[in-house]
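Number of protein chains: 2
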Amino acid sequence: MTDISPAARQLLDRLNRTLPKAAFRPLGPAYLEEPRGLYTGHACAVVAPDTVEGVAEVVRAASDLSVPVVPYGGGTGLVGGQVMADGPAPLLLSLERMTAIRSLDVPSGVLVAEAGAILQDVQDAARDAGLLFPLSLAAQGSCRIGGNLATNAGGVNVLRYGNARDLCLGLEAVLPDGSIWHGLKALRKDNTGYDLRNLLIGSEGTLGVITAASLRLFPRPRAEATAIFAVPDPLAALKVLALARAEVGESISAFELMSHEGLDFLTETMPQVRQPFDVPPEWSVLVELGFTGPGDPEEALATIFEAAFERDLVSDGRIALSDGQRAEFWTLRESIPEANKKIGAISSHDVSVPLSALPDFIARGNKVIAGLGPFRVNCFGHLGDGNLHYNVFPPKGHARGEFDDRKGAIMRAVHDLVHECDGSVSAEHGIGRLKVEDLQRYGDSARLAALRAIKRALDPRGIMNPGAVLAAE
Amino acid sequence: MTDISPAARQLLDRLNRTLPKAAFRPLGPAYLEEPRGLYTGHACAVVAPDTVEGVAEVVRAASDLSVPVVPYGGGTGLVGGQVMADGPAPLLLSLERMTAIRSLDVPSGVLVAEAGAILQDVQDAARDAGLLFPLSLAAQGSCRIGGNLATNAGGVNVLRYGNARDLCLGLEAVLPDGSIWHGLKALRKDNTGYDLRNLLIGSEGTLGVITAASLRLFPRPRAEATAIFAVPDPLAALKVLALARAEVGESISAFELMSHEGLDFLTETMPQVRQPFDVPPEWSVLVELGFTGPGDPEEALATIFEAAFERDLVSDGRIALSDGQRAEFWTLRESIPEANKKIGAISSHDVSVPLSALPDFIARGNKVIAGLGPFRVNCFGHLGDGNLHYNVFPPKGHARGEFDDRKGAIMRAVHDLVHECDGSVSAEHGIGRLKVEDLQRYGDSARLAALRAIKRALDPRGIMNPGAVLAAE
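Protein chains in written order, with UniProt numbering: chain A, 1 to 473; chain B, 1 to 473.
Keep in mind that the hints were calculated from the coordinates and are not lab data.
Incorrect hints may appear among the rest.
No distinction is drawn between identical chains; accordingly, a pair holds when it is met within one copy or between any pair of copies.
DSSO-like, lysine-lysine: derived pairs with alpha carbons at most 27 Å apart [unchecked claim]: (1) K185 / K367; (2) K21 / K185; (3) K341 / K185; (4) K367 / K396; (5) K342 / K239; (6) K239 / K341; (7) K407 / K239; (8) K21 / K367; (9) K21 / K342; (10) K239 / K396; (11) K185 / K342; (12) K239 / K21; (13) K396 / K185; (14) K396 / K21; (15) K21 / K341; (16) K21 / K407.
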């Protein structure tokens, strides 16, 4: 039974008077869980206003009464930013009833979506207008665009189009005092004062609540082609990337690394997923090209393969011959996290390093992990961005539960190495509650002091998602 | 004679003890002027440390003694951000002795430059490594990269590559308390806390001093082609842009609008600049394509021209047949600001509007100006970004001095219209001191309160470039 504080009772009384009945949602368990099962949250209630004014009323009331507020999108975050387990039970502020695509301006290439819009619905609306909204990630069927922005989501197309931050031109948001920022600009250039937009993006609900966003749309590639190449090692993979860049420049939409281990996990847990090679290669890369101009991307893939083969950078390869096969290649890549889940990671790491440091990082990481025990490593991810999911698993025949006591040491060893390589211990998932200590440990101290000062300045009562990103003060 | 406050004297005494002699620069008049002659600043001294530690020592000392500091780059800013005319004489902190290219990592596509590096030198270093640093603007021979970042500079390649903000991966900076943020990351993805980088970028020296930056490099286009098309009106120009996008997608490097008036100004003041058409067309666009992949950009330009001609969107056109002619086209475009200067604008406006609102903005603007008097308008700029330089001139045979009393009314009328069109009154030049009142007038009140709170939080003594962006408190 959640303990509801007197302040929270007062808040609910006030909101019962000011919000419509429909804004109150049953507090089902889904609101208090997160995908990796690391946290179980609590809450005094879930409210879901359907207007920005409703959201402002909630935040104003919570601010008046100093009740914590946890903004809630699709609930798909992987670092516990959406669940608060400690302290007085917060109010969950869900954006699920603000799902409208408010406008779509084709000549300007701008779509305005409310924060609760499902990512896939935003993609579909863009496609229906003949354009592309390129943010694309595994959870796109259930994550919401407000959450994508609050966490600066990444995904498979960052290499070409950037992360959520790069796709956003303007925001409507409720600030921690309940004021509404009407900032839905549709401008490519606007140098009028400090960049509040990028400050809210990636702040994981700790500096305000995003209620709507104007988003950049792109021309759809006319022709796309996808291939999987077997490569001897990550350095060769990077050299293939350089070859591809020299051949087609910015037309590389995705360049994803897969390891032998990942393909083995698929064979073991999801044999229905078709694999392109009879024997899983040590390493492989999924390359996707999209041409908006002239030329044939399939031919370009063949040219890249030949150039790489001559230089011993690839040993085998498959270019998809149909849209069905392209989809199959992507299913392979996108099933890896599911296979990981079935095997059960002891510790997962979402890291990035400079491209030039990447092969060394992987080699040293594997040595470090081998020094800790007979663990298996599945290292895969967005190679073109230097973003690896470096996940550590128990030896075959063992369950992760047997190694709970090693989890901390493994994570620490991987993150120490990332830090040595001048990398990031959270490339795309954010800090949430999972990595608050990592941010303290590895973050620059002048920067951390500035972040704390900003938090205190914008949220002096500390009501917005307390305990996420920065330790509650 | 500048009046030096007792605090400033104390500061100079302290710096004389702690900084090397070479860090003190003679206070020549160039430091106190700005390109448009709108302000004359004052200063108690100019110091130019050659290390980040030296910059930190200066800021720490200034903070201890509450002496204002004005960071100084190339001095090319157009809104008076680099000159302080009011209040006690500040210390000018010049980055002119921090000009090193610290590193260039080709596989990662990252160059680290100190803040005082001249933009052109950064471009050249990238080119020498076979890569492209795409920031490009008229002042590139004298502006410094730190100033470009502090003002989030734009220029002619924003359409394709983004503005200075989009080209920066990490910063080294001295914060207003004199602490050093070592943030020279070379990562494409890094979601570890609030976006301090983008907060400093565009803050015009009011939140800290950028001392170095890691910058993104791009593949150089293999083949480039440039054309000038005569178009009947801005709406047709936008339709040509849409056609070009459909034909070559993201390969459009620049799409610049020029008006009849601008070409007339060139004929009048710079007859040596070669013009492509015997009779200057009412409107024209300079289109540049750069292909990193297959295809011939000249052919693509011809295809675009034909498609546009069939639809009556262009009446005439010239595709450059040599690199010399390409350079000539760019000279034409880039001489327009010089011609403007010779004619003498009563009021210049650096504005942006959503692309779909742009033709209406120009039509309404011309009516508004006609209602104010027999003025001439030269409207030109970065059409593809919705960024127009909408500049108002005296009637032929008159000097701008005759209309000094109309300047305020003209600017107000143009900016009111921009605001109605949901645009920005400073697309690429920033707020500086020139547009502080505009920001107050047109800015969202919740956002402005947040910006002030951020300024107070990071610079509680108000020493960093006081009076720029936000009125001094």
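Taking 27 Å as the upper bound on the Cα-Cα distance, should K239 and K396 be classified as within, between, both, or neither? neither (32 Å within a copy, 61 Å between copies)
With identical chains, the pair K396 and K21 could be close in the same copy or across copies; at 27 Å between alpha carbons, which is it: within, between, both, or neither? neither (53 Å within a copy, 67 Å between copies)
For the identical chains here, do K239 and K341 meet the 27 Å Cα criterion within one copy, between copies, both, or neither? neither (31 Å within a copy, 50 Å between copies)
> At most 27 Å between C-alpha atoms: does K367 with K396 qualify within a copy, between copies, both, or neither?
Replying inline: Only inside one copy: K367 and K396 sit 19 Å apart there, 77 Å across copies, limit 27 Å.
Check K396 against K185 for me: Cα-Cα at most 27 Å, and say if that holds within a copy, between copies, both or neither.
Neither, since 53 Å and 37 Å both go past 27 Å.
field: K341 and K185: within-copy, between-copy, both or neither at 27 Å Cα
entry: neither (40 Å within a copy, 31 Å between copies)
At 27 Å max between alpha carbons, let me know whether K407 reaches K239 within a copy, between copies, both or neither. neither (34 Å within a copy, 58 Å between copies)
For K21 vs K407, is the C-alpha pair at or below 27 Å within one copy, between two copies, both, or neither? Neither: 45 Å inside a copy, 55 Å across copies.
At most 27 Å between alpha carbons: which applies to K21 and K367, within, between, both or neither? Neither: 58 Å inside a copy, 51 Å across copies.
Checklist entry - Under a CA distance limit of 27 Å, which applies to K185 and K367: within one copy, between copies, both, or neither? => result between (49 Å within a copy, 25 Å between copies)
Practice task
Classify it for me, K21 with K342: is the Cα-Cα distance of at most 27 Å met within a copy, between copies, both or neither?
Solution key: Neither way: K21 and K342 sit 41 Å apart in one copy and 66 Å across, limit 27 Å.
(request) Classify it for me, K185 with K342: is the Cα-Cα distance of at most 27 Å met within a copy, between copies, both or neither? (result) Neither. Shortest intra-copy (44 Å) and inter-copy (35 Å) distances fail the 27 Å Cα cut-off.
Violated hints, in rising order: 2, 3, 5, 6, 7, 8, 9, 10, 11, 12, 13, 14, 15 and 16; the structure is consistent with all others.
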